[in-house]
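*Asks:* Sequence:
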Amino acid sequence: MPVPAQAQTKDPVFDSAVYLMRTGMTLDRRGQFSTMLRSLRQLNDPALAPYFRELLLSDNRVMQIHGILGLAEIDPNRQLDLKLMADVKDPVIQSELIGAAMDSDLVNVANSKQMLAWPALELDAKMVIATHLLAKDEFKDIALLKQATQTPNNARKGIIAMMLTQMGDPMGPAMLDELDRSTDKSRDAVRTLVLQTAFRFKFERLSGWALKLAKEPGISDALGLLGLRTALRFGEKDAYSIWSQRFNSTTDAADRMRLAVSLLNLSQYMEPAKYDPMIASTDPLIRQMGLAGKAVAAKQDVAAVVTKLLTMEYAVANAWALGYATHHATAEDARLIYGQLIFNPHVGSERMKAQRLDEAMVAAQYLCEKDPEGALQILPPLLNKEGADKLYIQGLIVGLIRAVKGDPHNVAQLMTRNLEDLNTNALRSLVLGKHGVKLTPAQLADLGLLVRGGGGLNDALRMQGGWVYLTQTNQTKAAIEKAIKN
Numbered sequence: 011m012p013v014p015a016q017a018q019t020k021d022p023v024f025d026s027a028v029y030l031m032r033t034g035m036t037l038d039r040r041g042q043f044s045t046m047l048r049s050l051r052q053l054n055d056p057a058l059a060p061y062f063r064e065l066l067l068s069d070n071r072v073m074q075i076h077g078i079l080g081l082a083e084i085d086p087n088r089q090l091d092l093k094l095m096a097d098v099k100d101p102v103i104q105s106e107l108i109g110a111a112m113d114s115d116l117v118n119v120a121n122s123k124q125m126l127a128w129p130a131l132e133l134d135a136k137m138v139i140a141t142h143l144l145a146k147d148e149f150k151d152i153a154l155l156k157q158a159t160q161t162p163n164n165a166r167k168g169i170i171a172m173m174l175t176q177m178g179d180p181m182g183p184a185m186l187d188e189l190d191r192s193t194d195k196s197r198d199a200v201r202t203l204v205l206q207t208a209f210r211f212k213f214e215r216l217s218g219w220a221l222k223l224a225k226e227p228g229i230s231d232a233l234g235l236l237g238l239r240t241a242l243r244f245g246e247k248d249a250y251s252i253w254s255q256r257f258n259s260t261t262d263a264a265d266r267m268r269l270a271v272s273l274l275n276l277s278q279y280m281e282p283a284k285y286d287p288m289i290a291s292t293d294p295l296i297r298q299m300g301l302a303g304k305a306v307a308a309k310q311d312v313a314a315v316v317t318k319l320l321t322m323e324y325a326v327a328n329a330w331a332l333g334y335a336t337h338h339a340t341a342e343d344a345r346l347i348y349g350q351l352i353f354n355p356h357v358g359s360e361r362m363k364a365q366r367l368d369e370a371m372v373a374a375q376y377l378c379e380k381d382p383e384g385a386l387q388i389l390p391p392l393l394n395k396e397g398a399d400k401l402y403i404q405g406l407i408v409g410l411i412r413a414v415k416g417d418p419h420n421v422a423q424l425m426t427r428n429l430e431d432l433n434t435n436a437l438r439s440l441v442l443g444k445h446g447v448k449l450t451p452a453q454l455a456d457l458g459l460l461v462r463g464g465g466g467l468n469d470a471l472r473m474q475g476g477w478v479y480l481t482q483t484n485q486t487k488a489a490i491e492k493a494i495k496n
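Start counting the sequence shown at 11; every next residue gets the next number (our numbering).
Be careful, since some hints might not be right.
Taking CB as the label site, the calculated pair distances span [to be verified]:
id, residue 1, residue 2, range
1, Asp-187, Pro-60, 49 to 59 angstroms
2, Gln-310, Ser-114, 27 to 37 angstroms
3, Trp-128, Gly-358, 52 to 62 angstroms
4, Lys-225, Gln-310, 26 to 36 angstroms
5, Gly-218, Gly-333, 21 to 31 angstroms
6, Gly-397, Gly-358, 10 to 20 angstroms
7, Asp-179, Asp-248, 41 to 51 angstroms
8, Lys-212, Lys-309, 15 to 25 angstroms
9, Gly-466, Val-326, 25 to 35 angstroms
10, Arg-197, Asp-262, 41 to 51 angstroms
11, Gln-310, Asp-21, 54 to 64 angstroms
12, Asp-231, Ala-314, 31 to 41 angstroms
13, Gln-255, Asp-190, 17 to 27 angstroms
Okay, derived cross-link-like pairs now, BS3-like style, lysine-lysine, Cα gap no bigger than 25 angstroms in a straight line [said to hold, decoys possible]:
id, residue 1, residue 2
14, Lys-222, Lys-212
15, Lys-146, Lys-123
16, Lys-93, Lys-123
17, Lys-284, Lys-247
18, Lys-363, Lys-395
19, Lys-309, Lys-380
20, Lys-156, Lys-195
21, Lys-487, Lys-20
22, Lys-150, Lys-195
23, Lys-212, Lys-123
24, Lys-284, Lys-318
25, Lys-156, Lys-247
26, Lys-146, Lys-156
27, Lys-363, Lys-318
28, Lys-123, Lys-156
29, Lys-415, Lys-380
30, Lys-212, Lys-146
31, Lys-448, Lys-20
32, Lys-212, Lys-284
33, Lys-284, Lys-225
34, Lys-487, Lys-448
35, Lys-222, Lys-195
36, Lys-492, Lys-20
37, Lys-156, Lys-99
Since the hints were made in silico from the structure, they are not lab data.
Using N, Cα and C, we set each Cβ at its ideal position, and we do this for glycine too.
Please model the entire structure based on the sequences and the hints provided.
*Replies:* Listed below in structure tokens is the structure:
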């Protein structure tokens, strides 16, 4: 709802920024408040500390988690405050908070072990910590795991069985066998959780059990394929022969495509020859995925083959390429893959254009984060191209806004083309101001229109824009005080 008239000031942008900050502290059915709080956290601004501390007073667990994580992210050492953590008594909040903090490297090994020793910490939270520590070979307490098996919680039992198996304790495989024999309706959901967790944390000793699931009669297609994918990932004997037999024998086109995608996703772990059956396919898309997988496995001509795949308008393959470029590719190959994804909206069918715009936005973000020099080479010519689609330009700028590393403001400063529409100018100003570039009065005016909702952009962007405006006009302290007070 609008800010009450008596609460307004002579600066309507200030009022709108305060309203957005209040909205971030107000529950709504769509969960929009969580998206807005995440956008503020991305700014990593220590001046937000009073706002984050206010969130700790909320009765809502999501707000409390945002508050504690926000404070950790602006901590000079980027570490979770253990005193705040010790005050959390709700077991659900404990588990979600610790999981999110460890995923973001906000808890070091020493602090993790300290929390693990807390008597008041719930077992589910301890299992989250133990899983992360085991992945780093920093967890040895088998006794704690066996103590935790005395629970009716099937998901917890499954995770414990996984960890015991990874640690070489015979109780682990026995528990997994018991899980397989279970008739409980949650069985397959638990087995899916175990496989996903083992794959994520590289618990290779689960490979035999994973292959067993892949061969289990009557198992669901999704769970069986996940088991096969996990067994392939960890090099389990006979896993590839099962994949090959199924790929060559199936007459179902969708099943064949799923098998092809599963092997493509493992290309950095496989031998090149494993992709020959895909390359022999009469389906052009599967053949190109096979060529891409083989190129990655052989570390030869990767960029040329992958960029050709990216022109075939298959979103699943494009998502793989984006992940490969981000996590596994050489810097040179990553730059070329990102560049193709960024250029893709200029080619292809109209039907897939929205998907290509989204991919270009994400690729621009990752390019800025991983390869600032490449971003300076690739993005300015596209941003300055006369007649370029404004939604494409805005998408690339949103990618710059989302970048949490690199120097996206340097790219924005190289935008020399005259921009006529409100949103494009406002988004550019947001990039610049977010990174400390002093905005001109005209740029502040553009940003102010965005904050007030004049461009129809989403509230997360408006929230960031509001904070940047407050920072540029030295009104952050007054805005927080007013947002909290009202």
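*Asks:* Tell me the numbers of any earlier hints that the structure contravenes, in ascending order.
*Replies:* 7, 10, 22, 25
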